Structures are given as structure tokens and as C-alpha cells.
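Visitor: As given, the protein sequences belong to chains G and D, one line each in that order.
Per this note's numbering, the first sequence starts with residue 15, numbered consecutively.
Per this note's numbering, the second sequence starts with residue 8, numbered consecutively.
Check each hint, because a few of them may be wrong.
Chain D regions said to be covered by chain G (calculated; three or more residues, Cβ under 8 Å) [what the hints assert, rightly or not]:
#1 113 to 119
#2 487 to 495
#3 689 to 702
Mimicking EDC-like on lysine to aspartate or glutamate, the simulated pairs with C-alpha atoms at most 16 Å apart in a straight line are [stated by the list, open to error]:
#4 D:K568 to G:D159
#5 D:K568 to G:E155
#6 D:K485 to G:E185
Since the hints were made in silico from the structure, they are not lab data.
Computed from a predicted model, the values in this text were never measured in an experiment.
For each residue, glycine too, the CB sits at the ideal point set by N, CA and C.
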Amino acid sequence: MRKLYVAGAEEKAGKTVVILGLLQILRARGFSVAYRKPVGQARAYRHGRPADPDGEVLAAALGVGAAEELIPVLSGEVPRAWRPPLTAWERIAAATRVSADFLILEGREWLGRGLLSGLSDPALAAKLAAPILLVARYGGEPTVDRILASARLVGTEARLLGVVLNAVSPEAELAEVQTYAAPFLEEKGIPVLGVLPFERRLQAVQIQEVLEVLGAEVVVEGELRAEVERVLVGAMGAEAALQHLRRIPGQLLVITAGDRTDIQAAALAFPRVRAVILSGGIRPEQAIAAQALEQRKTLALAPQDTFTVAETADQLLGRTFPPDPARLDLLARLTEEHVDLERMLELLG
Amino acid sequence: MPRNLERLLFPRSVAVIGATPVPGKIGHAVMANVAQFPGPVFAVNPKYKEVLGRPCYPRVGDLPEAVDLAVVVIPAEDVLPVLEECGKKGIQNVVILSAGFKESGVAGALREQKLVQIANEYELNVLGPNAFGLISTRVGLNTTFAHRTARPGEIAFMSQSGAFCTSVLDWAWEEKLGFSHLVSLGNKAVLDECDFLWAFAGDPKTRVIMAYLEGIRDGRRFLAIAREITREKPIVVLKAGRAEAGARAVSSHTGTMAGSDHAYEAAFRQAGVIRARTVEELFDYAYILARQPRPNGRRIGIMTNAGGAGVMATDAAEWEGLAVARFSDATLRALAEKLPPTAALYNPVDVLGDADVQRYREALHLVLADPGVDMTVALSAPHPILRFAELAQAVAEAKERFGKPIAVSFMAGELGEEAEEILRRAGIPAFFDPARVVRALAALVKYAEIQARPRAQPPQFPSQREKVQEILAAARKKGRVRLGLEAAEILSAYGVPLARGTVAHNAEEAGRIARELGGPVALKILSPDLTHKTEVGGVRLGVPPEEAERVAWELLSHFRKRFPEAQFDGVYVQEMLPPGREVILGMVRDPTFGPLLMFGLGGIYVEVLRDVAFAVAPLSRPEAEELVESVHAKKLLYGVRGQPPVDVSALVACILRVGQLCAENPEILELDINPILCYPGRVVAVDVRMTVAEEEPCGSST
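Take these sequences, add in the hints, and give me the full structure.
Guide: This is how it looks when you write it as C-alpha cells:
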């Protein structure tokens with residue numbers, strides 16, 4: 015069984031995206047693939063217990079086992095004890111005892127996380143004898159530095175298989191990556207195994223999800239499964255709001271106070287706005303509700319204040335996303351086109 | 008196609024659906040008003056055989072004829088089937104007073120959507136719902152529930168607020184002000200302000216169209232229709248929701264965005280619509296426009312028997328942009344002959360406090376006879392030897408005799424019933440405040456100037472629209488909404504002159520391009536994410552060619568570090584133009600009127616002094632010229648302190664081309680050309696940015 019440990023050079027580097035892509039293209043080649051996340055992050059609370067929603071995403075998306083089995087240890091399990099649970103290593107060992115052609119292991123928030131407790135990615139990868147595939151969200155020279163720093167962190171403790179550069183802007187950054195960054199990294203002995211283009215559709219979240227997390231009340235139901243990619247908090251003048259709406263690309267979610275009817279009206283009339291959430295529990299004017307209906311857009315009421323609503327929506331964006339078939343297909347296609355699987359397999363031996 | 012509202016405004020027969028004999032119900036009040044209509048009137052209500060002496064039928068289908076007009080006053084939930092019955096019966100005009108539609112929330116909005124479907128299916132002219140009704144005085148029709156009707160008159164009034172209609176009706180009755188039509192637009196589900204503009208324009212007995220509006224449903228259509236109508240008939244509009252809080256109130260009331268007040272201001276000006284700021288102005292302007300002839304010019308003669316009033320009127324004339332007339336020698340000689348030696352002869356003419364009506368009349372005739380006087384204001388303070396009724400009579404006769412506009416300000420507590428009646432009959436506005444009288448006269452001048460405006464179509468410059476569409480489609484495909492370089496190409500495709508320049512992807516390239524351009528260059532960091540490049544140091548001017556490579560390298564490395572999240576496309580290397588006078592041309596797509604151009608002089612004139620002018624594109628040449636003329640700093644373009652004038656006609660052409668570009672490509676949502684450098688022989692656009700729609704456009708090219 016070949017193992018691969020996918021780690022992030024920084025938070026939100028795009029590990030889940032890379033894993034979902036790799037899983038699919040490996041399976042398409044006829045391999046059986048297992049997935050485990052040795053140490054998860056307790057970001058949610060499910061069935062009376064802390065949970066890592068990433069596990070649920072993977073479990074639901076690809077049928078790789080029940081969420082609890084996938085993530086044996088949660089970092090937030092024992093609050094403020096700077097030690098892993100005594101049974102951590104045993105649980106990890108048990109969970110990773112699987113039979114498949116491939117075992118893909120997902121790392122922690124970022125490579126250095128867990129140095130204190132001894133459960134860092136390099137330590138875990140070493141113990142599990144899995145080479146590390148580093149994922150870095152590309153942003154020019156600082157990213158290259160971060161990759162080099164990561165390589166030092168891995169050092170001789172584990173093996174760094176290579177790096178996948180994620181979210182590379184095809185227009186602005188691709189040429190630079192090809193001309194400078196990739197050759198430089200290769201020269202330093204860090205194989206660049208993939209250059210994934212930035213894809214806004216992967217950042218999206220369904221309106222329904224946002225509403226669920228907020229516990230918002232739907233006043234006018236538009237297309238709840240519609241996806242939004244960006245959030246605009248409407249706290250400026252109406253004309254300034256309209257300017258922002260025009261200038262932020264993608265499908266939008268607008269969050270504003272219940273009494274800002276001018277912004278609500280502007281947002282409902284703007285084609286790319288999919289939903290308007292009113293914060294603070296102030297009920298919308300009848301005319302606004304009628305306008306939402308006419309424009310076939312979702313209008314919802316959240317009890318939280320504007321800042322909390324915006325924070326929540328923002329956290330949902332680009333983190334975990336519902337594993338709908340269209341997005342999985344897109345990921346598989348992107349990985350197929352932009353990740354050099356043959357080379358990766360060759361390096362894995 | 009304009010709708011034919013002839014039988015809505017002038018029906019031959021009427022049915023009231025929901026009429027009831029029970030006093031205190033709306034269905035009773037409406038029926039009582041409609042019953043005054045001289046033609047056949049029917050009631051529809053399954054509970055009665057007769058209502059107020061008129062035959063009553065159980066259903067619309069049972070009516071003996073397809074009436075010209077049905078008035079619906081039943082609960083909202085019953086309206087849809089009734090409307091359908093009207094359609095089946097062949098009734099084409101329906102006034103729906105019932106509330107419980109869009110204004111009442113989601114359920115009501117759904118109901119209104121169905122109402123529109125039915126109306127479209129049967130091609131019904133539906134006024135309302137949630138309307139106060141309509142009054143047509145010429146045929147004696149009143150479909151409202153008001154306890155008063157309107158007096159006959161020459162002003163057609165429409166209002167987006169039903170309550171304001173009620174107030175106007177009440178007030179106008181006391182003021183003895185008449186209307187040809189009074190229409191409450193309600194929710195504007197089917198018929199809107201544009202339909203009634205057409206209808207009122209076609210009514211020969213309506214001399215002035217007056218409107219209270221909170222929004223306009225179709226701005227482009229309004230602009231086109233109003234432009235046509237105002238050549239023949241004045242339109243006066245009170246558009247509410249100007250200030251930010253006011254705009255918010257409009258959104259609360261209508262659920263739609265108010266649209267920028269600059270856009271309304273510009274569109275009204277271009278369409279020749281006179282805008283009233285207050286209810287007082289609305290009625291003052293409508294009244295004087297309905298009752299007074301058009302002045303030939305803006306020169307005013309001021310007549311008074313009290314010095315103070317004359318001074319106030321003179322000030323007001325200047326504020327309102329009127330010219331205080333200079334009398335001819337003949338007039339002055341005649342005045343000197345007729346008036347006591349201490350009287351003031353020059354404008355204003357002060358006939359003195361002891362003047363009787365005869366002296367006042369003689370002087371007034373002399374002033375009005377002067378060919379240099381286009382209109383007159385007659386002022387008077389109370390005096391024991393002067394009866395206002397007699398003076399009013401003299402003024403009324405003078406108006407008749409000289410055919411020039413005249414208005415009065417008798418500054419007194421009461422003029423007396425007789426004087427008021429004389430002035431009313433002669434159509435002479437009389438207000439206490441001389442400034443108010445002068446302002447009303449100025450509205451006449453404004454309208455005369457609107458009528459005299461040249462008729463001009465926007466010019467069509469040769470352009471490469473296909474190329475623009477290709478660039479826009481490419482941006483759309485990449486999901487880009489902010490354009491920098493492509494924006495320059497787009498301007499080029501419409502013949503807007505641009506400074507020469509090329510993109511450099513790296514520092515070496517920048518050096519090479521600079522050497523090719525020869526002479527000093529401007530280097531600009533290229534990033535769709537940075538809106539104010541200059542403020543963050545992203546622009547270096549006057550860089551010698553041999554320095555270009557180093558400066559470009561500094562720019563790129565500095566910015567990548569400083570804005571790690573931003574996207575950088577390289578450095579734009581542009582020829583360094585000699586200093587010229589800088590202007591700014593911008594565009595934002597207004598939700599109501601479409602492309603709204605903004606023009607101003609660069610630097611502090613726009614940013615600090617807000618010295619800008621607006622116009623809705625596409626523009627005719629006179630409109631583009633007016634746009635340039637409207638900014639206070641325009642004198643700088645014509646040259647001050649020994650500077651030569653810049654090529655204003657080239658600037659106007661540039662504005663026209665940009666206007667055409669924005670009108671023909673609705674995907675362009677915002678445009679900012681800053682600056683355009685103006686020289687004696689040419690103008691050159693230096694920097695341009697655009698925001699474009701990410702989605703496929705669904706509307707037409709306008």
C-alpha cells in the first residue's frame with residue numbers, strides 16, 4: 015500500500031481540494047483509495063460531540079467510511095491541555111491500519127501545527143511512513159519562501175515528495191510560476207507536482223448552508239441551492255453599495271441591517287446577487303419582500319448582528335463545501351489536467 | 008406602442024364592481040361619486056338588485072353591455088377572478104382601488120404578478136391596484152371615494168401617492184384650482200407614468216402635465232416620451248426621494264432602488280421636464296404654465312408702489328437667472344412724463360405709495376409696451392387710496408392687451424374676495440412673497456427655452472462594436488469585472504484618442520518599450536485590484552527611457568510585497584504627454600436611466616469642489632456642449648491668464664463617442680477616464696478603467 019501525506023504550507027492552502035481531486039483520479043485508474051485524517055480540528059459540534067466537518071465532507075463525497083473512523087484524534091478534544099490524549103498514537107495507528115492500494119492522509123491546519131504537542135505533520139508523516147505532498151496557495155515570492163521554510167521544517171524527519179501550487183491566477187501568475195517559481199523550486203530539489211488554477215466556483219457555498227448555520231428565517235424563498243462566492247456587507251450609502259456590487263466578481267450574498275431598505279433594494283435588483291440576509295432580526299418592509307419575490311431571490315432574517323452574520327458567511331466560503339457532483343467533476347478535471355500524477359507515482363515508488 | 012387610454016379617461020359607460028348601498032363603506036362612497044357620471048352607470052354586487060338608483064347585477068358577466076370602464080372596489084382576494092371576467096366580457100379599462108397587493112408583502116406581490124398576467128392576456132388597461140382612482144372633469148367622472156371632486160381645469164395631475172391625491176383634491180377645491188384629469192397611479196402594475204404622459208399629451212384640453220413621482224419604472228421610455236411631449240406641452244414633476252434618507256424612504260415604500268438623483272436631474276433636464284422641489288413650486292409652476300403665454304426672452308419689468316418690494320423682486324430675478332430689463336429711451340421719457348418727479352423710472356419702476364390705480368395702470372402699460380420687456384411682475388403694498396380689486400382689474404386688462412406674462416405680489420394680509428376672483432379668472436398668480444412670484448415667472452422662461460431648443464439626434468460615429476463585444480466576452484469568460492488595459496482597447500474601438508503605450512510583463516520589457524517610445528515615459532503598475540494607483544505610489548511620471556527598467560523593477564517588487572493578495576499584470580509604459588488641462592469623464596449605469604455620464608475638470612475641481620455635471624447617454628451634440636458648459640470651471644478650458652483655449656469641439660466629440668460606446672454596450676457598468684488631457688489642437692485620454700457585467704446582458708443595447 016502506498017501512502018501520501020497531504021500537508022498545507024499555510025492555513026486554508028487547499029488540502030481538501032487536492033485530496034478530493036487525487037482520490038478521484040486514482041480511483042479512475044482502478045486503484046482502491048482510503049482516506050484518513052490522523053488529527054482533525056474540532057470546528058463543529060455534532061451529536062453531542064466535537065467534530066471536524068472535513069471528515070463529513072470526505073465521507074459523504076466519496077464513501078470512504080464513516081466520519082468518526084476517518085479522524086481518530088481531534089485537536090480540540092481536550093481543551094487547553096497541551097498534550098495529546100494518551101491514547102492518541104494508538105488510535106491513529108489503529109485508524110490507519112487499512113487495506114487499499116493507496117492511503118491518503120490529510121495533515122493538520124498547516125505544517126507546523128502540533129509542534130508543541132508532538133503531533134505535527136512531519137512527526138505524523140514520519141511515524142506513518144508517508145511522504146509529504148505539500149499544498150501551497152500561490153501568492154508570488156512569499157509563497158516560495160514559505161515552501162522553502164516548510165521544506166526545512168520537514169528536514170530529515172520525513173520525506174518531502176513535492177509541492178502542489180494552488181489557486182494560481184491563470185492570467186496574472188501562471189507565467190511567473192512557469193518562468194521563475196517552478197524552475198527555482200525544482201532546482202532546490204522540490205518537485206512541483208501540480209499547478210492548480212484559481213477557480214472561483216470552488217469557493218462557493220450554498221445559500222441554504224449559510225442560512226442553516228445562522229439559523230436564519232427565510233422570508234422569501236428564492237433558489238436556496240444557488241451558490242454564492244462572495245459576501246458583501248452593506249453598511250455604506252446605497253450608491254457606494256451598488257459600486258461594490260458591480261466591482262466584486264461572482265455570485266454574491268449581501269448582508270445588511272433590516273432598516274437599510276436602500277441597500278436591500280439595490281441588492282435585490284442587481285443580477286449577480288443571489289440572496290440578501292438581514293441581520294439583527296429586523297423584519298423587512300413589505301415592499302422589499304415583494305421585490306425579492308419579483309426578482310426571485312432569497313430574503314432571510316438572521317437574529318445575529320451584522321458582523322457575526324458576515325463572519326459566519328465568510329468562514330463558510332472556501333472552506334468545506336458540499337460535495338455536489340458538479341463540483342467533484344470539476345475538481346477531478348482540474349486535477350487530471352494540472353497535476354502530474356505519473357511523476358507523483360514514480361516518486362512514490 | 009403607446010396604449011390607447013381614450014376610453015379610460017373618457018368612458019361612455021361605467022360599472023362599479025363592489026358597489027353597495029351601505030353608507031360608510033368604500034363601495035358606497037365610490038358608487039356615490041360615479042353615480043354623478045352623466046352616461047350609463049351600473050353596479051355589480053350579488054347582494055343587491057339596485058344601488059343608489061342604478062341597476063345592480065350579480066356578476067360582471069351579467070352586465071347588459073361591455074362597459075368602457077370598470078371600477079373595482081372589492082377585497083383583494085376576489086379581484087383576480089373579477090378581472091378575468093372583465094377580460095372575458097370585453098371590458099378594456101379597469102381601475103382597481105383594492106389594496107392587498109405588492110404593497111402588502113409577499114402574498115400580495117404574488118397576487119399582483121397574477122393580476123399582470125391576466126391583464127396581459129386580455130390586453131387590459133389596468134390602473135392600480137392600490138390606487139385612489141381617477142377623475143376626469145370633462146366627462147364628469149370621479150372614481151375615487153373622496154367626498155369632493157375636482158373643479159374643471161387645464162392641468163392633468165398624476166401621483167404615485169394616493170394620499171397626496173386626496174390632499175391635493177381637498178386643497179385645490181378651496182383654492183379653486185381646476186384639473187382636467189387627476190390620476191392616482193397606485194402600484195403601477197400595468198399602467199405607469201409613461202402611459203399617462205402619452206394620454207395627457209393627446210388631450211387637447213390639458214395644457215400642463217403635473218406629476219408627483221417617487222420612481223420611474225422605465226427610465227429610457229420616460230426620457231424618449233417626455234422629450235417628445237415637452238416640445239408641445241410642459242411637464243412639471245415633483246420627484247421625491249432626493250436625499251439619502253429620502254431615497255431610503257422611497258425604497259421602503261416601493262421596494263425599488265431610488266436611482267441616483269443626479270440621473271433624475273440630468274434626465275429631466277434633457278427631456279425638458281421642469282422639476283419642482285416642493286409642493287408649492289409644483290403648483291405654482293403648473294398654474295402659471297397653464298394660464299400664461301410664453302415669454303419671448305428672460306427680461307423682466309418690475310412694477311411697484313413700494314421700494315422694498317421692488318428690491319426684493321429684483322434680487323429674486325437675479326437669483327432665478329432672469330435679466331432685469333433696461334427700458335428704451337422712449338419708455339423712460341414717457342414714464343418721466345406720467346410719473347411724479349420723485350418716482351423711480353429705471354427698472355424697478357416705483358410709482359410711489361400715493362399712486363392711485365390710474366397712475367399704476369399708465370406706468371404698467373408703458374413698461375409692458377417696451378419691446379425690451381418680456382414679462383412683468385406687479386407689486387403693491389396696501390394703501391388707503393388703492394383698492395386691490397381695481398388694481399387687479401387693471402393688471403388683468405394689461406395681460407389681455409399686451410399678451411405678455413404677468414404675475415402679482417400684493418403684499419397684504421388679505422386681497423379681498425373680489426380681487427382674488429379677478430386674478431383667478433385672468434390666470435394671474437398672486438403670492439405674498441415677491442420672490443415666489445418671480446420664481447414662477449422664471450419657470451415660464453425655462454419652458455420657453457426648452458421649447459426653443461434645437462431638435463438633435465445623437466450622432467453616430469463609426470465604431471467597432473464587434474471588437475468591443477469580443478473583448479467583453481473574453482473578460483466575462485475569465486470572470487473579470489474590472490478592466491484596465493482592455494478598457495483602453497475598448498475606447499480605441501470607438502475612436503477615442505488615447506496616449507500611446509504598451510504593456511511590459513517584466514522590467515526588461517519596460518526598458519525596451521520606453522526606448523522605443525523615445526522620450527520620458529509614465530510607468531503604471533497594472534492591477535485590476537488597485538483602484539487608486541496614484542495614491543499608493545503605483546504611477547511614476549517623467550521617467551527617462553534609460554531609467555525605465557530600474558523603475559519598473561522597483562514598482563513590481565515593491566507592489567508584490569505590499570499587496571500580496573492583489574493581482575499584477577505587469578507595468579504599463581506610456582508616452583509622457585506635455586502638461587495640458589485635465590478633465591475627467593466618467594459613467595455609471597443608473598438603474599433607472601442607464602448610462603449616466605459625469606464630466607468635470609480634473610484635480611481639485613472634481614474631488615474637492617464637486618464641480619461636475621451629469622447627462623444621460625447617448626447625447627446629442629448640443630447636450631454634450633451643455634455638459635461642458637455646465638461646470639463652473641469651464642473658463643479654464645477657454646483659457647484664462649493668457650492661456651490659449653483648448654480644442655473644446657474635440658472634447659465634445661470625445662464625450663459623444665464615449666456616450667455612444669456606453670449606450671451601445673450595456674455590459675459596461677462603470678467607466679472612468681481620468682484624466683483626459685486637453686490641448687489647443689487635440690484631446691488625449693490618458694488613463695481609463697471600467698467595470699463590466701459578469702453575466703450575459705439581457706437587455707437591448709439601450
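Visitor: If a hint holds in the structure, say so; if it does not, say that too.
Guide: Tested hints:
1. 113 to 119: Holds: 5 residues of the stretch 113 to 119 of chain D have a Cβ under 8 Å from chain G.
2. 487 to 495: holds (count 3)
3. 689 to 702: holds (count 4)
4. D:K568 to G:D159: holds (12 Å)
5. D:K568 to G:E155: holds (8 Å)
6. D:K485 to G:E185: Holds: K485 of chain D and E185 of chain G sit about 9 Å apart, inside 16 Å.
The structure fails none of the hints (numbered hints given earlier).
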